[in-house]
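S.K.: From first to last, the protein sequence lines are chains U and S. Here this note's numbering is used: position 195 in the first sequence is 195, and no number is missing along the way. Here this note's numbering is used: position 298 in the second sequence is 298, and no number is missing along the way.
You may find that some hints are simply not true.
Which copy is meant is left open, so a pair is good if it fits within one copy or across any two.
Unchecked claim - Mimicking BS3-like on lysine-lysine, the simulated pairs with C-alpha atoms at most 25 Å apart in a straight line are:
id	residue 1	residue 2
1	K7	K172
2	K28	K332
3	K53	K2
Read the hints as simulated data drawn from the structure, not as lab findings. Everything numeric in this text was worked out from a predicted model, so none of it was measured.
Number of protein chains: 2
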Amino acid sequence: MKIQAVKGTRDFYPPQMAVRNYIVDGWKKASLRNGFEEYDGPVFEYLKMYQIKSGDEIASQLFSFTDRGGRDMAIRPEITPTLARMVNQQINALRRPIKWFSVPRLCRAERPQKGRLREFFQWNVDIIDVEDVLADAEVIFTAVDYLRSTGLTSGDIVVRISSRRMLAALLKSAGLAIDQLDGVYAVLDKKAKLPDEAFEAMLKERIGDDAVRHRVGELMAAETIDDVRNAAHLDEEGDAAISDLRRVFDLLSLMGVGDYISFDIGVVRGLAYYTGIVFEIYDRAATLRAVCGGGRYDNLLRDFGGPPVTATGFGMGDAVLEILLREKGMLKDEMLSTRQIDYYVAIVSDEFVNRAVELAFEMRRTGVCAEFSYKSAGLKKQMKQAQMLNARYAVIVGEELAENRLTVKNMETGQQQLVTVDEFIGSVGGKGGR
Amino acid sequence: MKIQAVKGTRDFYPPQMAVRNYIVDGWKKASLRNGFEEYDGPVFEYLKMYQIKSGDEIASQLFSFTDRGGRDMAIRPEITPTLARMVNQQINALRRPIKWFSVPRLCRAERPQKGRLREFFQWNVDIIDVEDVLADAEVIFTAVDYLRSTGLTSGDIVVRISSRRMLAALLKSAGLAIDQLDGVYAVLDKKAKLPDEAFEAMLKERIGDDAVRHRVGELMAAETIDDVRNAAHLDEEGDAAISDLRRVFDLLSLMGVGDYISFDIGVVRGLAYYTGIVFEIYDRAATLRAVCGGGRYDNLLRDFGGPPVTATGFGMGDAVLEILLREKGMLKDEMLSTRQIDYYVAIVSDEFVNRAVELAFEMRRTGVCAEFSYKSAGLKKQMKQAQMLNARYAVIVGEELAENRLTVKNMETGQQQLVTVDEFIGSVGGKGGR
Chain U
1 MKIQAVKGTR DFYPPQMAVR NYIVDGWKKA SLRNGFEEYD GPVFEYLKMY QIKSGDEIAS
61 QLFSFTDRGG RDMAIRPEIT PTLARMVNQQ INALRRPIKW FSVPRLCRAE RPQKGRLREF
121 FQWNVDIIDV EDVLADAEVI FTAVDYLRST GLTSGDIVVR ISSRRMLAAL LKSAGLAIDQ
181 LDGVYAVLDK KAKLPDEAFE AMLKERIGDD AVRHRVGELM AAETIDDVRN AAHLDEEGDA
241 AISDLRRVFD LLSLMGVGDY ISFDIGVVRG LAYYTGIVFE IYDRAATLRA VCGGGRYDNL
301 LRDFGGPPVT ATGFGMGDAV LEILLREKGM LKDEMLSTRQ IDYYVAIVSD EFVNRAVELA
361 FEMRRTGVCA EFSYKSAGLK KQMKQAQMLN ARYAVIVGEE LAENRLTVKN METGQQQLVT
421 VDEFIGSVGG KGGR
Chain S
1 MKIQAVKGTR DFYPPQMAVR NYIVDGWKKA SLRNGFEEYD GPVFEYLKMY QIKSGDEIAS
61 QLFSFTDRGG RDMAIRPEIT PTLARMVNQQ INALRRPIKW FSVPRLCRAE RPQKGRLREF
121 FQWNVDIIDV EDVLADAEVI FTAVDYLRST GLTSGDIVVR ISSRRMLAAL LKSAGLAIDQ
181 LDGVYAVLDK KAKLPDEAFE AMLKERIGDD AVRHRVGELM AAETIDDVRN AAHLDEEGDA
241 AISDLRRVFD LLSLMGVGDY ISFDIGVVRG LAYYTGIVFE IYDRAATLRA VCGGGRYDNL
301 LRDFGGPPVT ATGFGMGDAV LEILLREKGM LKDEMLSTRQ IDYYVAIVSD EFVNRAVELA
361 FEMRRTGVCA EFSYKSAGLK KQMKQAQMLN ARYAVIVGEE LAENRLTVKN METGQQQLVT
421 VDEFIGSVGG KGGR
């Protein structure tokens, strides 16, 4: 019976696995050098946990199931709710500020399309309990620090930054009521993805008053922070938001990544839970979805039953990132090897097979990778296999074994050397090793 | 609203994550030095795929759900079916023999108990298309190679080895029909876990004939391979199975792990799909469940619609392993650090905060980990924090900055040095680095 994989999932054959490992290892290294500790949660949780953060409609966007006790569960579509749950559970025992990262595998019941899969990996970086926007700048730096490490430059990518807090003040100045804001954020967030007409229609649903809607349109045309300041008379909250936003730009310049950032009032983030700085990272040509998005969410821990502790962070998925890296020539399959054999043990005839096995496994026990042929084969065929496996050296076991000697061949230079078995074994630990 | 984690799942706070990384990294290193390449599949697949290998009853042991198209899916309870599917799909393009490993996260709808969780990690190692039992010996070696690398000795653990093929011949010699075998394997596999009476009752259900059942009991009392040979007159198939089994013991001795292995006719493995060598690894005192189990399964790829290609491999879960490592003193929380800060940048007063941020991030951009205080704090408090974070050096930014100088303190020795900023930055790349 032939079975297929589910559409929107991926099979990681060794070459694809090497790509995934390359991406995940880069994420982990960038996290560690920026002082974050790794955590993870379960791959499934109670469904209601996701509904607290994202509303009931999230249920149609995730894979849910019922356990034998009749409880509703879901495969995690994101890890932030888990983070909030875990931090709340141990809030008094954890050293603060909390700087954590994770690389969860996430699943969403979406229609698969370019850069959007039903399961993917997402790098999550969060700082909890730092009120100062220094933390926002630091998580943005961390995302850029990783992207730079892959070879991407400020000519390839841009971090578009805005402030949800500033936007709230701005929308209030235009005449919107507080309870209209969440609905309007969700629409504004879709502007770039929708045809103008569809966007206008959706916005009209949320803002019935033509004058207010027109005013919102004018305000959202601001290109600089100064434009924002000149366009509206903001309240104290709005002024504070603007000075925080300016400080983020100053800090990121100080951190040495000023050329990667720009202000963009159109970066809104759809979810209701953001409260301050928000940002998204795009390819400069803006032909792909955002490669990364995040911001400040100061109320989530409290919404999850914990104390009012502030938080900021981001998520970066592997799917769009891989497309971007390939487009920019920063990721080529031939860059990545799936294995590196140190020694290939070849035999001149079958009588030496036991000695070859003994040697190969003696080498492995010292930590180097040794291979051999599983089938009887001529020496020429074995040497070809050694080459195919990318072995660094071939060890040839033959008649010289009677005098306790082996031939060692450097597969790159072709140089051969006759050495005693003891010399050889003694030298192996140092030569290989990973 | 307070939310709990689902019972039988685990939260990996940084200390638990460090344990998981320690185990998984060890698995990966042992795989690579033994010449295996990493692969992975999707975290959910069509439910029917699992039923092909393990029968319909598996549905109650896994988490299944229906997608919006009405298709039955399941979170993977094991990865071998995925392996068979993936190999079949690319069988003509893959270099053979195929030596692959994976560290999948698996979920099972079990009642949580010691060493058995609803989600866990399992190391899977498989060799495909090597008929010779050299492959069986190699996967057993690989499991032992990993366990040895953790510090476990042959006094701590034992690999119990038998042969399903030999057992089939033995049971046939006792008078069992071929179609009785799968049912009898499932019962014999439970012997050690059941009270004698319950075991006898179950066996009686499968083998109604008292004389045959008695004979099976006698045969299963064999303590050595010679006992088996002496107790029954086997057919050709049985003789071949015994000589394969002897060869596995010889090969493992040749490979240098002879002291870890012993023959055990009681190792049966419950699943129908095993066809040859089978094995399980236990703690010597046998107080825990098996830490590892596997064997040869030559028919699975064909059962999945592929060509008749042979296979052998094993799975090792992280839950029992962690208990074993802790019991034997091979795993202590204090062995593992969740992060290592290279430099802590401290400031003598708030006027230097920008310069400290600039310095810290300049260091991070060179690949070393630098931290600083997020809040105004006295120098003493900052140095205490540097200590708490396990920083190797503290950099103190103060008045000397006017002369372009910094104080660098070695946190271990307490030695302080005044250096120029340029000297310091120049030296950083080499000192840290991971």
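S.K.: Have a look at K53 and K2 and pick one of within, between, both or neither, based on CA distance no larger than 25 Å.
M.R.: between (41 Å within a copy, 13 Å between copies)
S.K.: Can you give me the call for K7 and K172, within, between, both or neither, at a CA distance of at most 25 Å?
M.R.: Neither, since 44 Å and 45 Å both go past 25 Å.
S.K.: Between copies, within a copy, both or neither: which fits K28 and K332 at Cα up to 25 Å?
M.R.: Cα proximity of K28 and K332: in one copy and across copies (20 Å, 23 Å).
Taken one by one, the earlier hints fail for this structure only at number 1.
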